[in-house]
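> Keeping the supplied structure of chain A fixed, place chain B upon it in accordance with the hints.
Number of protein chains: 2
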Amino acid sequence: MAYELYYWDGIQGRGEFVRLSLEEARTEYVDVARASGSSRGTSAMMSIMRSGSEPHIPFAPPFLKDGDLIIPHVANILLYLGPKLGLAPKEDGLRYVLNGLQLTITDFVAEVHDTHHPIATSLYYEDQKDEAKARSAEFIKERIPKFLGYFERVLQQNPQGPQHILGDALTYVDLSLFQIIEGLNYAFPKGMAGHQTKYPALSALHDAVARRPNIAAYLKSKRRIAFNEDGIFRHYPELDKAA
Amino acid sequence: MAYELYYWDGIQGRGEFVRLSLEEARTEYVDVARASGSSRGTSAMMSIMRSGSEPHIPFAPPFLKDGDLIIPHVANILLYLGPKLGLAPKEDGLRYVLNGLQLTITDFVAEVHDTHHPIATSLYYEDQKDEAKARSAEFIKERIPKFLGYFERVLQQNPQGPQHILGDALTYVDLSLFQIIEGLNYAFPKGMAGHQTKYPALSALHDAVARRPNIAAYLKSKRRIAFNEDGIFRHYPELDKAA
Chain A
1 MAYELYYWDG IQGRGEFVRL SLEEARTEYV DVARASGSSR GTSAMMSIMR
51 SGSEPHIPFA PPFLKDGDLI IPHVANILLY LGPKLGLAPK EDGLRYVLNG
101 LQLTITDFVA EVHDTHHPIA TSLYYEDQKD EAKARSAEFI KERIPKFLGY
151 FERVLQQNPQ GPQHILGDAL TYVDLSLFQI IEGLNYAFPK GMAGHQTKYP
201 ALSALHDAVA RRPNIAAYLK SKRRIAFNED GIFRHYPELD KAA
Chain B
1 MAYELYYWDG IQGRGEFVRL SLEEARTEYV DVARASGSSR GTSAMMSIMR
51 SGSEPHIPFA PPFLKDGDLI IPHVANILLY LGPKLGLAPK EDGLRYVLNG
101 LQLTITDFVA EVHDTHHPIA TSLYYEDQKD EAKARSAEFI KERIPKFLGY
151 FERVLQQNPQ GPQHILGDAL TYVDLSLFQI IEGLNYAFPK GMAGHQTKYP
201 ALSALHDAVA RRPNIAAYLK SKRRIAFNED GIFRHYPELD KAA
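Going down the list, the protein sequences come from chains A and B. Going by full-length UniProt numbering, the first sequence wraps up at 243, each residue one higher than the last. Going by full-length UniProt numbering, the second sequence wraps up at 243, each residue one higher than the last.
With the rest of the complex left out, here is chain A (with noise of 0.2 Å):
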């Protein structure tokens, strides 16, 4: 049976990181809130996640369902996909080296979403928008740096080159350092500016993965919805600004 991924429509978001990894392996998925028919759709989700007698409810989207397991979390089912999909390591040992990548990956993630949302998700971006261009300047300053200057390094100090985050093979956190350049640019094309001489090898890995075939035909396929302002990286000019 194919592997249900539940995300919002509309939006690349959070689940983003994980079609990345059902496309690059080519597995049957189906993106349940985008399909029709019965038991898909946006009310299929949130009939799960509403559910007063399922046992394991999901906080929120991203969650994925493999016959009656359902895993929620993005790093949490990467985790689980990993293996599966030939994007995780062998070594049991390496596995969590993996994760921690990626949830560092998930903890710069909620930075980008709170850039637009410092105060509350439950107020409108145009509410605290006086907040956001303080965060965000501080965000471009101090944590663009920090976080892209630690994949850096990883990517540096990975005894089997530069080419990989980890070991000699791709993996799920390539692809997912693949979408966080993605949505960098897309959102603060001028801090991001420079990034390519900044982070070489963050830089080449980004190239590297929009060149793979199963990711270029997916990138240009309609299953690839464009970034905007009702996802995570958001596109706000007066957030913007050189760092």
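Derived from the structure by calculation, the hints contain no laboratory data. Be careful, since some hints might not be right.
Chain copies aren't distinguished; within one or between two, either way the pair holds.
[As the list claims (entries may be wrong)] When the alpha-carbon atoms are kept at most 27 Å apart in a straight line, the in silico DSS-like pairs for lysine-lysine are as follows: (1) Lys-65 / Lys-146; (2) Lys-65 / Lys-90; (3) Lys-133 / Lys-198; (4) Lys-141 / Lys-241; (5) Lys-241 / Lys-129; (6) Lys-146 / Lys-129; (7) Lys-129 / Lys-141.
Relative to chain A, chain B alone:
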């Protein structure tokens, strides 16, 4: 060889979620930054983080060292330790369910942190106090009920009874939920007023964990650092108000 836990000295912080599991299991461990001697103390922690040769450098504490293996991030450490400490289910699929619950706690803890640092970690609390008041008000009104309501629901929908968050035995997520309630009671006593009535299963779980002999002994020991205003859960009276 004893597990080595690396975390900032002087605060419970994120390290406390790991400590509680190690203490419940009465496992031998070294709290490295708080210990003295060769390869001990905060400098030993910083030297791993700043290493120019270690391939698996962590982004931030806490991290666990088990021999040569370095495992960063609370949820990842608990995923690794859970089965070894007898604090995780035997069935593989359920370990992903448990990890998903811990990752929801991770997200919640990040939001707790941002109540006092909504604009930037690099700035003082005093420089973002107005924004902290706005974020804390939303946190008390919207986020505490959303997260605690979710965990209460998971407890109530546990087919094996509301005594545990998963299955019929203690897991590391039960211990983490104890710490969440402890921390919120410390930081937001007014905001948490009446939580015993609103979240009866969660409150009962908190009390049951506190009564466990190994936890009770730990809480009375010098190893348990008191809550303070350098940690994640901070009590600033100006941020606390009734829900």
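> It remains to establish, for every hint, whether it holds in the given structure.
Evaluation of the provided hints:
| no. | hint | result |
| --- | --- | --- |
| 1 | Lys-65 / Lys-146 | between (34 Å within a copy, 23 Å between copies) |
| 2 | Lys-65 / Lys-90 | both (23 Å within a copy, 20 Å between copies) |
| 3 | Lys-133 / Lys-198 | within (24 Å within a copy, 37 Å between copies) |
| 4 | Lys-141 / Lys-241 | within (10 Å within a copy, 33 Å between copies) |
| 5 | Lys-241 / Lys-129 | both (15 Å within a copy, 25 Å between copies) |
| 6 | Lys-146 / Lys-129 | both (24 Å within a copy, 24 Å between copies) |
| 7 | Lys-129 / Lys-141 | both (18 Å within a copy, 21 Å between copies) |
In this structure, every one of the numbered hints holds.
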